[in-house]
Amino acid sequence: MRSLRWKMVSEKTKVMTGFLPKLLLICCLFISFTAFGQDQGSANGSEKQVFVLTGHLEDQNGKALPSVTVHLLGKQSSALSDKTGFYQLSGVQVGDRVSFSFVGFETLSQTVHAKQLNAVLKPADSQLEDVVVVDGYRVQTRKTNVSSIAVVDGKQMENKPFASYEQSLQGKVAGVSVVGSSGQPGALQSIRIRGLGSMALSSDPLIVVDGMIVNSGNLANNTVTTNALAGINQNDIASVNVLKDAAATSLYGSRGSNGVIVITTKKGSMGKTKISADVELGSATPMDPPKAGMPLNASQYAELFKEALANQGESADEIKTIADSYGLNSGKSNDWYDIVTRNGQQAQYNISLSGGTEKTKIFASAGLFKQEATTIGSDLNKKSALFKIDHKINKRMDFSAELNVSNVDMHAPYATSYYGNPIYASRILRPFQLAYNEDGSVNTSTTGNTNFSGIYNPVLIAKKDVKHNSQTRMLGNTQLRWNIIDKLYYTSYFSIDYNTLEETTFLNPVMGDGKALGGRSKNYYERYFNYLTRNQLDYRFDIPDMDRFYLTATAGYEAQASKWYLLAADGYGFPSAASGLTALSNAATPVGTYGQNEGYSFTSGYGILTANYQDKYILNASYRRDQSSRFAINNRSADFYSIGGAWNIGEEKFFKKQYVLSALKLRSSYGITGNADMSNYAWMPLASYSGATGYSYNGIAGQQFVTPGNVDLKWERSKKFDAGVDVGFFKDRFGLTVDYYYNNIDGLIQNVATSYTSGFASTLKNVGAMVNSGWEFTVNGNVIQTKDFYWNTNFNIAFNKNKVTSLYANTNEQNGQFYLKEGYNFYTYYMKEFAGVDPDNGDALYYTDHTHQQTTNKISEAAFSALDKQANPKFLGGFSNSFNYKGINLSIDFNYSGGNYVYGASDLYFISAAYYTYNKYSYVYEHRWTTPGQVTDVPKYATTTDYSTSTARLYKGDYIRLRNVSIGYDFAKSHIALLEKYGIDKLNLYVRATNLATFLFDDRLPFDPEVSYSGYETNNIPLYKTFTVGINVGF
Amino acid sequence: MKKIKLIIIGISLVALTAVSCSKSFLDQSPDISLSVDRSITSESSMLEAVAGMYRSMMTYYTFGRNYQVLGDLLSDNVYMSSSNSGRLITFSGFLWTAESAEIKMLWQNTYFSILQANRILAADIPRTENVNYLRGECYTARALCYFYLVNWFGPAYSAQPDGLAVPIVTQSADVTGPLIYPERNTVKEVYHQIIQDLDSATAIMGTSTTMHANSSNFLSKYAAEALKVRASLYSEDYSGAKQAALDIITNGGYQLTADLSSFTSYWLATAGRTDKLESIFEINYPAAANNGVEGLDYMYSAKGFGDLLATDSLYNLYSPSDFRRTLMADSTRGGYQGYVVKKYQNPTSTDHDEIKLLRYAELLLNLSEAYIETGDKTHALQYLNELAKKRDPAFSGYGSSLSDQEVLSAIYKERRKELAFEGLRFFDLKRENVDFNREDMKEKAYSNYKVVTKTDFRRVLPIPQDELNANHNITPTDGY
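Chains X and L, in that order, give the protein sequences.
Going left to right, the first sequence walks through residues 1 to 1035 as our numbering numbers them.
Going left to right, the second sequence walks through residues 1036 to 1515 as our numbering numbers them.
Derived by calculation from the structure, the hints in this document are not laboratory data.
Relax, there's no trap hidden among the hints.
Far from chain L by the CB rule (all over 10 Å, computed), these chain X residues:
1. Thr225
2. Leu304
3. Thr357
4. Leu584
5. Lys731
Some chain X residues judged to face chain L by a derived CB distance under 10 Å, without partners named:
6. Ala559
7. Gly595
8. Asn597
9. Leu686
10. Ser690
11. Thr707
12. Ala753
13. Tyr756
14. Ser758
15. Phe760
16. Ala761
17. Ala809
Don't be surprised by glycine CBs; every beta carbon is placed ideally from N, CA and C.
Isolated chain L (complex conformation) (with noise of 0.2 Å):
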């Protein structure tokens, strides 16, 4: 009996010592990272990383630089000098492949920061109103994310609304795990998930917040409506970019400058807004965090690398009384004449140039659109004509005798000299679906692709060959 005793003893020594150890004994986790399920528990840890999902829209390869440059390199806008600092090249003969790095890491950095938006939206937080604001931001970077996505891999709605376009992901890879195969869906499908993330934020998002202050660098509810106005004039929903279009104009307090002074110190500063003044949403480039030289203003501006230059054809377009031919000097670049963008002026100074994202002419341009599109020509000229003359003090205004067609041409016109250099030209010539001259610069220009046929391939992006490499069930491009 003592001998079984014993034993027992025994056994039971090793047994609790094997039950002592508590299971949180292997939980062990780093103290500089947080695993992604516990990094959003409060308001405060959300807000820190909506910030984190800001910051990765810096980044040159996306918002920093490369949309905002493609978008006027690849048009009629911009030429590239022939003396330049060898970034981008690939792009101003249309030489790009699918083994492109810009295009790759245009493409990576833009699902990296859907990524940020996704996993936020995941959070499983206690709706305050700041958090449901939070929320409402991510929505509308999300859906941002996709707009420009939509536009540079996918045909223009108007030309394919069922062409493929990108895959839409809206899981966080922490929940489906990174190894993920997702089709292409379509431009339509793309769109609806764009107008959904929209009107999903513009519910929930209160008209202001406390947490950023009427700050324009920060995605806020008329920056969701704005972002709908221009998504929903793309893909031909007027009454929907009316309408929100609208409430903004009513509700959102938001202005143009109104004189030459007001106008150049607007280009000229380095902070973001709090009076509403022209910047619905610019993102912050600020001291502490900012691109160097790689950043836009860099591109663009004689003090830094001013490789860019704006064509003659589009020069020409304004009047010597337009506040905006201020924006460009003309200049020598590599010995010869050029013109030389002044729109981003501060590459040199410690603050640089905020990005510009959401602009409120824009808007008004994006609702003229939208009115003369469904035959409103009264409406369409009155906001064509509130930017049109504040902008030149010498323009008196188009007039109504101009027919729909010839109005809609006007705000083409406008749209180009308004936003020139902000990237969105590339997006109207191919809503406009039609063939387009890029102007032979001749010696002055690194290279030249004068003709862009409504047919060329070369309108979409490829998706980027490592993409079709790590996922099976994606579609290449055309063409490439």
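Next comes chain X alone, as it looks inside the complex (with noise of 0.2 Å):
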């Protein structure tokens, strides 16, 4: 009743916009507040005749619209427009209102006055009021909500070439970062909303899927990256809300701090049953890295080898004759890059059902999904069903229930400096190692320089090699919701999220890391179970005598527990004759056997409190008190709040007087999050036994205290300010939304030095505090706005700043390749800076330090410097655009990031003469100095030149990238005849590519700079391109 009273002002609004603003408001007012009375009235004065209403609907082009819902408000009865737009609905009395809803549009509401109603529907492309904000608590329209919740409509989501949702929200949100470092479908996605969270904690945002909070990230224990989540069907996905501030994060308490991202799948829809059923084929193509990082080819390689040993002094008849040995001189050689990447195909069909009566609602689908990545021994094969149902049980109790079941199964190769690594291989692997014998059969032979003595021959393993996870997983819940009275509500909500994978290393006899072991396999097993209660009253009370006065008040209980089982084999010594033989009860040698479990649990109470006032002015607190298993029963608990309010000026009086703004919005919040994403047992000081053997003495099994724990360790506490505003342009045809936050996060957890003689060397402690800030900018409207043509835009950018404030005393300051010091970014880059090459002599050049008035030709000499450099983007983004001209829709989206430095982390082997007998990148091929007097910023090809990290590795991070562009043709606007021969309602052809084109801004990047987080670049299978075709089909 709440929400449809809103919808009708604002429904009203828009429709008879030619009133002047007073009267419209007036009426409006007098329609929500007098509605039943008037009904009365009018009812009064007339005869009280029944009739059958008939009319038709159409939209704002004059096309008919089939398939609208009208309903008879407050009667529940109910009809369909058909094919051409017009409807009958019986038992209809003048004074009656009807509501027309159809999705895409607005629903619109009007009073009977006659036996005929026309409607022209108007699409639902509003920037304020028609969007439903879902926080996992509550639904609130976009207008009454005071926090800055990002909403992607699942529309977004639908038949993209992705392994899982994250990669469709890449650019999409403005302040969320997403990176797939890795291009293994199904990798974990990383998000960062606004910033990093944590210095020793996740910073992951915590993922809640139609209430429930789920188990996500990587949790598989063998396989190089997994992703929970791959398992949701993105053509499930009604909508993506991204929670970024504290009024709507502290709901959460104890794990908002990193933002929360909340998924609401489909549900069925009253009326026709529909049917859509999609299918999308096509292939994925190699994104070469950019030019500087391509692997030379073999004469290029040739002549850098020899030239190395040159430069080391090695005479004509020397270096032929090393040369001979690795088979430079024998004519035979092949492209590894070529050799290990390949053009992947790629599928998916998606059906799904949507439909029901007044009292119960399904939906269901199915979907397939396959990749193969265009590396070598990666591919991607899942499979998700969905079944939702909505049951009115009777006037007052609603039911619903779904569940959710998925199998994800991955073939992921290693990563990182694996020589088992296919991307590693395809760096440092000479041209002159021959991946085929000259019968065609692979290269086995371990011995000699044109053969594998070191690094692997990447095609063996992965025709040999199993490295396979098959995840599956079941999440379900239902709900009840009874309306005890007129505005009290009451909702139990039970969910279960269970998991399992199975994961399975098989290491080949042959060649490779199972070599020396005749073989070895691994297997796991784990299974997560984890479920959530919960229990809520909602209640409204109208402020007697107001005029649209209003509380709302909610209270409710949750209480969650989530359980993990490991079981595990390791064994090694395989059957040599048979190669099929892989499976673990094959081994000869068992190793080890594993065996544990892990849990974690959560309570929580928690109450909201809101106060609105004719849409004007909303205040909205929230308080929530949590309890977790993961902290010492004296700090257990832990409070959260938040306080916010918006001000909707577009909703007084004065606003309306002029019409270049269509709303206006401001809004502010003010709370507390936490963060306890850490290892279930970190608080607790722990003996353990460590195996039969670990800890034991003289026969006697040992146990041994081991952990210190830390019995005072709390939260992490994230202090979230944000203020926004929304503005409309042009009747909302243009939007513009701004935010600005500070979240001081502080009681950082970080390992601190204990002194030793307490038996340890360090500890987790709740020390440091850190401030990320930033501003965040979202522009969206429709450009043009004609009869056939149309142009939505969307453009979001991000600025994040971060700076660490407090650290405990004495911490290192040099934390890896980063500066860690107060008043510094977390990700400043602390290394010793390059200098260039002295044109002299070819010798790298470094500062001596940060004045940069002295260079040396020893890196040893050389000081570390904290650099105006960092890892983390500065800004990051994106932009969509959406073109449809009579029928045929052109969508193109674009996202970059940049301000920051990426690190190439295993560089080292691919620039360095000191391993000549590795690959290099082109780069340095074409700039390494050779001739005195050359200026040039790659060095002497020399073994002496040393490399070792400096800024020489460090590479501007900036790019551009062409993300998603798609063609697509709908026939139900010019072939509705046709289709209604075959009974189709919808048919859509589209073509579309991914990650088609990515624009770069450092000519010596040799590698994607879309990388993690912290801006590593570690030999991950990249990214990829893909090209697909795809029709849907809807009944």
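Using the hints, put the two chains back together into the complex; each one sits in its own frame.
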């Protein structure tokens, strides 16, 4: 009732735009507050004649609208419009109100004055009013919401050739960084909302799916990268809400500090049963590294190889002998980059069904998604199904239940500098090491310089090794909603999030990590059982005798527990005769057995209080008290709260006097959230046995006090301030949202050095503090909006600044490659500075210190400097466009990020002549110093050149990526008759390309700059382009 | 009225669920570890904790190698061959600093063993006979750790009894929390703690236990007494030393090997003993748990790295008929002649050499020294000769014509011969409080540092830099 009334108000505002605003407002108020009285009044004054209401429904362009739900308000009867847009609704009296609703259009409500009622429906494109905001505990409209929540509509995710939903979020939401540093399909996507949330704990946001706080992240133990949420079918998502500020996230209390992502899946809608089927086929093609990073071809490599030896003082004869032994003069070579890459197959099939009656609605879907990465040995195959039912038990009780089952099956080769990593292998293998023998068989020889004495043959590894993970997830919930009395609701919710992983590794006995052991296999089985119950009361109190002034109150209690179980075994010695026998049972020698359990639990009581005066002034306060097993008894409880307010200036009378702005809202919030995303028993002083013999003595099993724990450990706290403004221009044709935030995170847990006299070297302690602050801008709107042509655009940009403000005394300033110090960004690079190349002799030069007064050719004499360069982006965002012309739809989405530098963590092997037996980046070949007087930035190719970590291995990380381009054609716009003949409601054809182009800003950059938030490039499987063709059919 | 009833129903629904969650819902604990406060609940779990404590002492950073090696390498018994594996080389040339990793590990691991003892002693379970015995082992182990700490990180008691040594920590980190900042205690205070622990052990331990069946691999009541003899002697409490020593001699049942073959097989053995021959306490290094290439045996034996060789001056102390000379061999190393040490002979066996921390022979020497320090030459000579004559059948014994000072010198000489390669020589030189020479082995040695004067700051190992960084109350060691 409550949301319906608001809708009526707002829709009135929109439809009757020709009237004077004042009049309009009065009308609205009149209708919303005295509707029933009026109805009765008019009914009393006329004959009580019941008739069949008929009418015709069309869109703004005059096109008939089929399947519109026509609802007789307050009387539980409804009808659908037919294919020509006509409807018939019986049992109607003059004075009744009917509503017309249709997906993608604003719902329109009108009062019946005659037996015929025609209507024109407007597309739902307004900026503020109709967007529904979901924070997991409540559903609000954006107008009444006081917090910073970004909504991504499910439509933007449908039929994207991405293995997980997060990939579709990239560039869509201001202030949200989504980085897929690995191209492994189904890889973990690293999400950072408003910057780095923690130093030592996780900075990943909390993920909520249909009310359930799920286990997310990488749940595997033996696979390079997995994503617990890869099983979610993007086509099942109705919306994704990103909760950024305190007013929104403090509802999640101890776990809200990194932001919250709330995923809502689709549900059935009343009316004609709709079936939608999608098929998409295509291929993945390699996204080559930038020119600077391409490996050398055979002749280039041979040239450098000899040059390194010559610079080392070898004679021509010696060089020839060595070169011969490496096959440089054999005339036989191959291209490793070409060998480890391929065109991958890509396919997805989705079918969904939605329908129901007033009483019962269902939604069901099934999906199949297959993707092969462009790197050999890497693929994914996912199957998912969703079933959801909404049932009205009686006038006051609703029940819903859903079950989502999915399986993600993937093969994931090793990453980083493992010899079994095909990408690493392709970067260092010499073109003269031959993948195949002359007879076409795979080269398995491990002796000789033209074979694989060190690095493995990636072709063989991809063929013979197994690196497999099969992840099955069941996510289900039931919910009962009871309208106890008019404005008091009770909701009881229960959900189970069940995950199993079967990880299998087999390392072949022929070549590679398993060779010495005659083959090795490890099997891991893991189960995560996570459940949550929530009981909530919602009450609304309208202040008597006040015009649209009400309070809402919510109180609830939540309990959650998650258990993890691991069973694993490890064995070696496999039959050599039959290569198919890779199952662990074939292992001759078992080496390890593991079985264990872990768990965590949370209980929470929470309350939310809202006061709303005419939608103009809204105040919101929330409080949550969390208790968690992750802290010692005395620190188990913590309180979190927020307070926020909004002023909808757009609702003020004076505002209506101008026509440029159509909406204006100011909002702000402050609150405290926490972070408890840490290992389950971190606080606990632990004694362990370490297996049968680990701590044993003289045959007696031994127990040691090995983990100090810290019973004083508490939650990390983020004090978040946010101020924002939402503006609508020209009847909401354009919208602008600006947010400023200042998140002061304290009590950061650091590993603090202890006096060794305690028996321990370090312990966890709440000591650090840092601040994330920044601005976010989102502009969207319909640039062109004519009868035939329509251009909608969305641009967002976010700036984030991180500053460490407090650390434990004596904290080591050198934190890997970063400078850890108060006043600095956490990801400030701390390195020796490369000063270029001495033109006279080709030596690499380094600045002796940060003053840049002096250079040295000995890196050991150079001092570390805290640089004005950071790993995390200073700004990031996206730019999306959608064009429509007579049924032809073109979408072009960009995302970008910049202001940062990325670090080639294992570049050394690809640039340093000391490793002249490894292949090199093209940039080294093209730019190396060779002749006196030559000015360049790559030193002489000599084995003595010291290429230890310095700024020579930092590159500008700025990029703009053409993330998605699609062109589609909607047959329903122009071929209605044809479709009708076959009973088809909807028919779309489209072609889509992803990652089509990337614009870079550093000629030296040898790899794709979309790397982890900390700026490290670690030879992960590269991202790739996909080209797909799809068809959607709706019945 | 109905309205109010319904509201009450609603509120009670939520309230009910809130209270229906029991407190234990929030108690989660791992199943591969135990919360320390619940880890010792019975005799058997205490026994396991004691085993864990011994295991912690096995590390090569402490009793498994470095304590033994340093005690001889820094003195005049041993030099590091110029041909070496690179282990402990900064000690060969007296070049260590407060940043040296080995010193940090020595410090850290010894305190880790102390922590294990502390938390077992804090366990509140009924004091049965076995529990008392186990507690006695913990007191003794803690005393042993402090004994080595005070001797390495503090000046000799004879030189500076009030000099700064190491912090005394007797409470477990799960009680105090791991963030403690103790100050250094004086040498005297640490010895006081050691003696107190050993008296506590002696008071509650039976003379034997069925748990360990007289095994020399465990600390016993006599081990506590033997350590007390050593600690009392070092801290110049001679009557205390004598009293404890005599109890062992009278009631302990220990004996020396009778002849060469028995002596040889004693040093060849890899198993702990139950026959009370020679060993009072030795750490077990079985096949299942030894330090491999990092073991003490690997450092000395030619079958291992063999980096450490006996100095000429040590070798020349022994007469040809001395059994103990059979524990060295005139051999070559890195192209030079050298005396290879054969006290630890099983680095490549599956079961490695035990590391001997308390032996009956040392007890006799300690007692002899306590007698001569109190002017009782007769008894001093009795116990000195009991050992010296057993080891060298051709030796007729030290005669009563020697002056007290000469007897003391003889005791030191016999100590050097008997206890060589067992890590105690440096302590004796510190106790003597004299300048001493490390023999210049020229090109045979990796490096040379010839004279260690009485005032050389390197007689005391530095408090590790990381400890100084983490503990604002601790004083750095002078000189570093």
